[in-house]
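Now for the letters of each chain:
Number of protein chains: 2
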Amino acid sequence: MPDELIAPPGLKGIAVADTVLGDVRGQEGFFHYRQHDAAELARERTLEDVWTLQLNGALPPHAALIDPGVHRTLPDGVGDLVDSAADCMVNPMSTLRVGILAVADREGRGESLDRSEAELYDDALRLAAVVPTILARHHRRRLGHDPVAPDPSIGHAADFLRMATGTMPSSAAARAVEQYLVATVDHGFNASTFTGRVVASTGADMAGSLVAAVGALTGPLHGGAPSRCIEMIDEIETPERAAAWVAGALERGDKIMGFGHAVYRAEDPRGVVLRAAAETLAATLGDAGEDLVRRAAGIESEILAALAAWKPDQRIVTNVEFWAGVVLELAGLPRAMFTPTFSVSRSIGWSAHVIEQVGVGKIIRPSARYVGPEPVVSEPV
Amino acid sequence: MPDELIAPPGLKGIAVADTVLGDVRGQEGFFHYRQHDAAELARERTLEDVWTLQLNGALPPHAALIDPGVHRTLPDGVGDLVDSAADCMVNPMSTLRVGILAVADREGRGESLDRSEAELYDDALRLAAVVPTILARHHRRRLGHDPVAPDPSIGHAADFLRMATGTMPSSAAARAVEQYLVATVDHGFNASTFTGRVVASTGADMAGSLVAAVGALTGPLHGGAPSRCIEMIDEIETPERAAAWVAGALERGDKIMGFGHAVYRAEDPRGVVLRAAAETLAATLGDAGEDLVRRAAGIESEILAALAAWKPDQRIVTNVEFWAGVVLELAGLPRAMFTPTFSVSRSIGWSAHVIEQVGVGKIIRPSARYVGPEPVVSEPV
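Top line first, the protein sequences correspond to chains S and B.
Counting in the working numbering, the first sequence runs from 1 upward without gaps.
Counting in the working numbering, the second sequence runs from 1001 upward without gaps.
The set of hints was computed from the structure by calculation and includes no laboratory data.
Positions of the beta carbon are idealized from the N, C-alpha and C atoms, including for glycine.
Heads up, a few of these hints could be off.
Stated by the list, open to error - Here are the simulated EDC-like cross-link-like pairs (lysine to aspartate or glutamate), alpha carbons at most 20 angstroms apart as the crow flies:
1) K362(S) / E1040(B)
2) K1362(B) / E1374(B)
3) K255(S) / E1267(B)
4) K1255(B) / D114(S)
What the hints assert, rightly or not - Which chain S residues stay away from chain B? Per the calculated CB distances, all over 10 angstroms, these:
5) D23
6) S94
7) E290
With these hints in hand, go ahead and build the complete structure from the sequences.
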């Protein structure tokens, strides 16, 4: 079709939807959820407050506070299926997709196209609320442990840690993880959010949209892996060894995990919040915790200096993953659960985007440009 | 970001990727797979031939024939998980997603970003090949029947029917379904194919891309429901009742299933092929089969006439779903399996698109336009 418009590769810089849910201002190193500075929310507010903001449109007390606690419990039969999935599959993100599909199917949550606004809201809240329960159950099952049932009386972040580790976390650990979760609820039109919205645009159900988004999040070019940053810190060990390590990595053409971002030119505000969260948590943990934070900070400085010397005309900044890995490590989460933890918060963001997209009521269906040889047209049969 | 480009709603008419896999020429009522008229392929070729074309780049004997038979068998443990999923969930498309994730996870099929070309090809073949096995097993389990193991010695279409119904199909039934499958392997840049490519662009694994695409296919605005057309034929019953039925539906503002298409202005070539397939199959089935085809043809004419009178300046044509429903009904497939059958063929198309997208090596990450109120910027803390 010669009259087609050709989009730039990767649709970079093309606005494909309108949103009121938030925005990322890369040049300023600033992002917000519905007008509210997201870094400030991470410092000041609970995850439930921010969940309320995204789903109910305003922060408490201006909107009724969401209480996800009662929604964390899995319906009958789904726990058994999650266990079977965990027995069969190593990857918690696979079991997560099974669990989301099962909750939706068992509860008869229908296609979004046919759902009322109230029903769609219920779907959003319910399916994001079960994410920590499914992930923690998978993790414990793989270790041969019994599942820990949700406790509706405690916060979402604390209960996730409790269900995953089997122990009630310290309030400092729960709060640090909560700050991570608040800071990662949403972040512009990343690939997983976009995926969820494309699926939602077909009128498919909330579960199908979230499951598709989980798939995109597992992509190394998107969700990345906070665990790879902490492994890098392990490997470098001390700031003194960082310069040589970075030089070797750059020589081999390796990517330095935890640095650089597609959008941010100024500092990634999530990195700033999470560094402070790591310091606060480490102060409650004694020498081992403080040593990790000290080494991480030193290694960060050395890597930034090396990157600045390597590409003096570019500003390469610490991204969210570097300090996220330190926070989750200090909070006692196993490294296999780092990327899954990202989905605990981002599923809240995805579900709000699905609601917004269903409201548009139009399928997202771009074109492709056929660049092969001309088709062979034969005589009519 | 004021310097952003704003895309038309739904990205309509925007080419977001280059492809050599095929093209749809809506004005001409023509579509092709890698240069080859797809309707002709449906008339002349097997599904395995067309699978070879899409994955190996040419039709046999110019490329080595793909034999999916040996790949249809599920690995150890996955059959049990599929059974657990079928016990828990009504929707075959949910169990399908579970099964695809499980095959990939158990076999350690890694993230596409890290896969060699040969490994990615293996993933594409393997994961599309298990689709009929998973779907048929779900269906039989829901009915309380034991699964039927795949038979590598027969064709993919025949074996799907055999595994789903428990009986070896007639060659006429197998061939009619095969024509449906060939005609629906690919169709331009529909929403599910696009979804699969967005997920693939993150470097996620083949399974994650296919599972996301399945989700988009379940959307009523995309995959539609061939079963709804056959239900409409049931309801109208005879051509004599069609005009009044359509008038009533238009008055109520109901959508007429099986008519109209986003791209085709000339006849949908798939409809033409499938009508002929239905007639050929019906001729082997005696009175009941021939009666259904006769009624369907009469009802189709009446509906087309009514639609032409209703919108004289628009050309509304029969789409793929109308005759697809008749073919699948005549072949003895239960209606709950109509949309799942679509995924048997389309998964072949998706997997070829995933390979093509991975080759691009660039994440698809558009923007959104923030249209809410200006963010509240507070004093630095």
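Status of the hints after comparison with the structure:
1. K362(S) / E1040(B): violated (33 angstroms)
2. K1362(B) / E1374(B): Distance of about 32 angstroms is beyond 20 angstroms: violated.
3. K255(S) / E1267(B): violated (51 angstroms)
4. K1255(B) / D114(S): With Cα atoms ~14 angstroms apart, K1255(B) and D114(S) stay inside 20 angstroms; holds.
5. D23: Its Cβ does come within 10 angstroms of chain B, the nearest being 4 angstroms, so this is violated.
6. S94: Label violated. Min Cβ-Cβ 4 angstroms, cutoff 10 angstroms.
7. E290: Non-interface label on E290(S) holds, nearest chain B Cβ at 23 angstroms vs cutoff 10 angstroms.
Violated hints for the displayed structure, listed by number in ascending order: 1, 2, 3, 5 and 6.
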